[in-house]
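Line by line, the protein sequences are chains A and B.
The opening residue of the first sequence carries number 5 in our numbering; numbering runs sequentially from there.
The opening residue of the second sequence carries number 63 in our numbering; numbering runs sequentially from there.
Derived from the structure by calculation, the hints contain no laboratory data.
All residues carry an ideal CB built from backbone N, CA and C; glycine is no exception.
Treat the hints with care, as some may be off.
Stated by the list, open to error - As a list, the in silico BS3-like pairs of lysine-lysine whose alpha-carbon atoms are at most 25 angstroms apart: (1) A:K93 x A:K175; (2) A:K97 x B:K340; (3) B:K415 x B:K354; (4) A:K67 x A:K122; (5) A:K169 x B:K291; (6) A:K41 x B:K147; (7) A:K175 x B:K147; (8) A:K97 x B:K228; (9) B:K225 x B:K91; (10) B:K291 x B:K225; (11) B:K340 x A:K186; (12) B:K142 x A:K97; (13) B:K147 x A:K97; (14) A:K293 x A:K334; (15) B:K422 x B:K399; (16) B:K142 x A:K287; (17) B:K422 x A:K97; (18) B:K354 x A:K93; (19) A:K186 x B:K354; (20) B:K387 x B:K354; (21) B:K91 x A:K175; (22) B:K340 x A:K93; (23) B:K291 x A:K93; (24) A:K293 x B:K399; (25) B:K399 x A:K97; (26) A:K287 x B:K399; (27) B:K225 x A:K97; (28) A:K166 x A:K41; (29) B:K142 x A:K41; (30) A:K93 x B:K422; (31) B:K228 x B:K387; (32) B:K147 x A:K166; (33) B:K91 x A:K41; (34) A:K186 x B:K147.
Said to hold, decoys possible - Among chain A residues calculated to face chain B with C-beta under 10 angstroms, some are: (35) L149; (36) L266; (37) P280; (38) G283.
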Amino acid sequence: MDITQYFTDYTLRTITLGTAVLGAICGMLGSFAVLRKQSLLGDAISHAALPGIAVAFLITGAKDSNVLLLGALVSGLIGVFWIRGITTKTHLKTDTALGLILSLFFGFGMLLLTYIQKQPNANQAGLDKYLFGQAATLVESDVLLMVTVTGISLLVMLLFWKEFKLLLFDKNYAMTLGFNTKFIDGLISFFIVLAIVIGLQTVGVVLMSAMLLAPAAAARQWTNRLSTMVILAAIFGAFSGVFGTAISASQNNLSTGPVIVLVAAVFVIVSFLFSPERGIIFKQIRLIKNRRDLQLKKTLYFMYDIVRDHDDISRPHAIRILNSFQGFTKKTLSKLEEKNWITIQGQNWSMTADGFETAANLYNNNIPES
Amino acid sequence: MSPMLDIQLIAAVTAAACAIPGVFLVLRKMALISDAISHSILPGIVIGFFITHDLASPWLIIFAAFSGIITVVLVELIQKTGLVKEDTAIGLVFPALFSIGVILIAQNANDVHLDVDAVLLGDLVYAPFDRLMIDGADFGPKGLWTISITLVITLLFLLAFYKELKVSTFDVGLSSALGFSPVILHYGLMSVASVTTVAAFDAVGAILVVAMMIAPAAAAYLLTTDLRKMLVLSVLFGVGSAIGGYWFARWLDASISGSITTVLGILFLLIYLFAPSKGLIAVLFRQNRQRKEVSLLTFLLHLNNHDSENERRVAHLQEHINWRKVRANSVLQLAEKNNMITIDNQIVSLTDKGLEFTEKALDYIITNKDEKIEDMKDDFFLFRG
Numbered sequence: 005m006d007i008t009q010y011f012t013d014y015t016l017r018t019i020t021l022g023t024a025v026l027g028a029i030c031g032m033l034g035s036f037a038v039l040r041k042q043s044l045l046g047d048a049i050s051h052a053a054l055p056g057i058a059v060a061f062l063i064t065g066a067k068d069s070n071v072l073l074l075g076a077l078v079s080g081l082i083g084v085f086w087i088r089g090i091t092t093k094t095h096l097k098t099d100t101a102l103g104l105i106l107s108l109f110f111g112f113g114m115l116l117l118t119y120i121q122k123q124p125n126a127n128q129a130g131l132d133k134y135l136f137g138q139a140a141t142l143v144e145s146d147v148l149l150m151v152t153v154t155g156i157s158l159l160v161m162l163l164f165w166k167e168f169k170l171l172l173f174d175k176n177y178a179m180t181l182g183f184n185t186k187f188i189d190g191l192i193s194f195f196i197v198l199a200i201v202i203g204l205q206t207v208g209v210v211l212m213s214a215m216l217l218a219p220a221a222a223a224r225q226w227t228n229r230l231s232t233m234v235i236l237a238a239i240f241g242a243f244s245g246v247f248g249t250a251i252s253a254s255q256n257n258l259s260t261g262p263v264i265v266l267v268a269a270v271f272v273i274v275s276f277l278f279s280p281e282r283g284i285i286f287k288q289i290r291l292i293k294n295r296r297d298l299q300l301k302k303t304l305y306f307m308y309d310i311v312r313d314h315d316d317i318s319r320p321h322a323i324r325i326l327n328s329f330q331g332f333t334k335k336t337l338s339k340l341e342e343k344n345w346i347t348i349q350g351q352n353w354s355m356t357a358d359g360f361e362t363a364a365n366l367y368n369n370n371i372p373e374s
Numbered sequence: 063m064s065p066m067l068d069i070q071l072i073a074a075v076t077a078a079a080c081a082i083p084g085v086f087l088v089l090r091k092m093a094l095i096s097d098a099i100s101h102s103i104l105p106g107i108v109i110g111f112f113i114t115h116d117l118a119s120p121w122l123i124i125f126a127a128f129s130g131i132i133t134v135v136l137v138e139l140i141q142k143t144g145l146v147k148e149d150t151a152i153g154l155v156f157p158a159l160f161s162i163g164v165i166l167i168a169q170n171a172n173d174v175h176l177d178v179d180a181v182l183l184g185d186l187v188y189a190p191f192d193r194l195m196i197d198g199a200d201f202g203p204k205g206l207w208t209i210s211i212t213l214v215i216t217l218l219f220l221l222a223f224y225k226e227l228k229v230s231t232f233d234v235g236l237s238s239a240l241g242f243s244p245v246i247l248h249y250g251l252m253s254v255a256s257v258t259t260v261a262a263f264d265a266v267g268a269i270l271v272v273a274m275m276i277a278p279a280a281a282a283y284l285l286t287t288d289l290r291k292m293l294v295l296s297v298l299f300g301v302g303s304a305i306g307g308y309w310f311a312r313w314l315d316a317s318i319s320g321s322i323t324t325v326l327g328i329l330f331l332l333i334y335l336f337a338p339s340k341g342l343i344a345v346l347f348r349q350n351r352q353r354k355e356v357s358l359l360t361f362l363l364h365l366n367n368h369d370s371e372n373e374r375r376v377a378h379l380q381e382h383i384n385w386r387k388v389r390a391n392s393v394l395q396l397a398e399k400n401n402m403i404t405i406d407n408q409i410v411s412l413t414d415k416g417l418e419f420t421e422k423a424l425d426y427i428i429t430n431k432d433e434k435i436e437d438m439k440d441d442f443f444l445f446r447g
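Okay, chain A solo, but in the shape it has when bound:
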């Protein structure tokens, strides 16, 4: 398909808009989940939402996606509260609680789904789209719902920005300042659940957690500021949605959810590698640079050790007496000369006054580096 069709095709436009909005809200709220070290909470909640969908269908007998998502929201919230109950009231740890809720709720949900499938109600087909999501089933009203939820959560986030930030970085301090941390905590959790529930139809239960985590984890690498991170994560999420939809639309047999997740994973990998501050490549380069610098200084200090026994510091010495143990290489020598710390004449080197002073202060941290 060509590009113009991509922009004119109504269905595709709706889906793209939907996945972009979804990516943005997930990235935004996912930032909080990642920073609160609750990355896997999203995974647990998305699985825990499944029985809610099934129960909502059993009660209403209709496949209205808003009603089903309401059911998902309720059971997701029950999951969150149970996780909190397990971790605060018993000695079981968070990971156990998450794994428990995730698998138990999901298993129960599957039980209900298979039970529903055996029912004579012809309406039941298609409930399993919530497992892996089917972006193709997105219609305008779904996108409208997403936009509304995104707007509300954006509003709440701006209103409670200070509180959220404080809670993220220093919960005890927030408590001593008299903020109702329980309420703020609950509010953040509520919106994370909301984001997950909204995404179930598109990405599905199983992959939803990646939607929440990946953009945030990628954004985290580029900045240390919360506001920048949230905005970046939203952008990454939106682009994952758009690219993922485009790629899956361009080929047959490519389900949108997994492709979006993989695109988001690419964002993460690129960020891990190339972010200037924290990225692996630049970190490695800095490491090598530091190592070289250290070698250079080692050579200089060795020279200083020789020179300081003489009255005349610029007396020439043979290059031969240096060896690689002192970090000596041809390169370091020319670099030392470049820095004007030594001069080289033929097979000899001699130290300059500048070099002497630098070497003397090498291990004195109070002197700023030249």
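Given chain A's structure and the hints, the job is docking chain B onto it.
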């Protein structure tokens, strides 16, 4: 053997095989690794299938177990870079691998008899019909063999390294000081968990594997802190839920693995609520009692500090300790019931018993010695009435 019995046997053996590594995963706070492994073996299975073109090939298990171990290694690699926390690393790795698996299946949907639903849920119903035939003789269902062998391997691993596992689980420092490499044990355990997940997953699906590993162990952990008892209990819970779940599924005519998970869930819920001393009700009861006792102590100490009648009027006390009326009254009643105080014309005064108790309490608070607290514990039990 009838298919009915076969299914129950497979479910029960799977539950036992999962429960054992599950206990260690829960104790080592690595429960979520099982979730990650169970999802990320999917690409391994798919790739294994492309190579062998045989869903029953043992190579599939090896490929899958291998991708399980790759998951663990990847998670640890990402974690080591320090760019993200461990849980984020887990959350990033397995959805990505799972997505690759799903896409691979979808791309080749026409020639792969591999359904994503089956991956998630397994099809225990059909397990009895895939039988191991050697020279025309019927040796029972293949799934039963696979999982039984896994169980035997797990048991051997457990028996051989029980002591090492125990030490390295509870005290990593001590274990490396004693010369048991925690790294080797860690990867050993991860390999066992991987293989078990793969073998079990064949029969019961990815999600149930997680439930079978974590839920019995978590339930057992609420009942005991003895590793041996915990292992036995979790195997019992697992096997019991497997058989109970099978009959529940028959009655409901729904997914067996979903139903086993549900039974596990109900079991865990019951234990979570009613476990003696660690269950929710016991904990809430204890917290409530402690709160009452602290209130009582505060009240008595307050009385002890104030001699003048003016300070000991009931109404005044309520204001002074800043309690609401209901709470103040309940504390007052409690103290009176235990003969700690007498109320005479709205004036509260300590009895001899109350005085003695207060002094003891003060003594403890000042010295903060443990031997005093033993005595106090006995005293505090008095107030339960």
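| request: Take the C-alpha atoms of K91 of chain B and K41 of chain A, compute the straight-line distance between them, and say whether it is at most 25 angstroms. | output: holds (15 angstroms)
- Is it true that the CA of K399 of chain B sits at most 25 angstroms from the CA of K97 of chain A? violated (40 angstroms)
key: Hint status (Cβ of P280 of chain A to nearest Cβ of chain B, threshold 10 angstroms)   = violated (13 angstroms)
Quiz prompt | Holds or violated: K142 of chain B to K97 of chain A, with C-alpha atoms at most 25 angstroms apart | solution = holds (22 angstroms)
inquiry  = Between the alpha carbons of K93 of chain A and K422 of chain B, is the straight-line distance 25 angstroms or under?
reply    = violated (31 angstroms)
Practice prompt. Assess, step by step, whether the Cα of K293 of chain A is no farther than 25 angstroms from the Cα of K399 of chain B, and give holds or violated.
Written response: Status violated; Cα separation ~77 angstroms.
Handout entry: Given pair status - K166 of chain A, K147 of chain B, alpha carbons within 25 angstroms
Key = Roughly 24 angstroms between the alpha carbons, so the hint for K147 of chain B and K166 of chain A holds.
(message) Checking one constraint from the list: CA of K387 of chain B to CA of K354 of chain B, max 25 angstroms. Satisfied?
(response) Roughly 14 angstroms between the alpha carbons, so the hint for K387 of chain B and K354 of chain B holds.
Assess, step by step, whether the Cα of K169 of chain A is no farther than 25 angstroms from the Cα of K291 of chain B, and give holds or violated.
violated (45 angstroms)
Taken at face value, is the distance from the CA of K147 of chain B to the CA of K41 of chain A at most 25 angstroms?
Holds, at roughly 7 angstroms.
message = Run the distance test for K67 of chain A versus K122 of chain A: straight-line Cα separation, threshold 25 angstroms.
response = Judged against 25 angstroms, a Cα distance of about 16 angstroms means the pair holds.
Quiz item: For the pair supplied as a hint, K175 of chain A and K147 of chain B, is the alpha-carbon distance within the 25 angstroms limit?
Solution: holds (19 angstroms)
Going down the numbered hints, you'll see the structure goes against 5, 17, 24, 25, 26, 30, 31, 35, 37, while the others check out.
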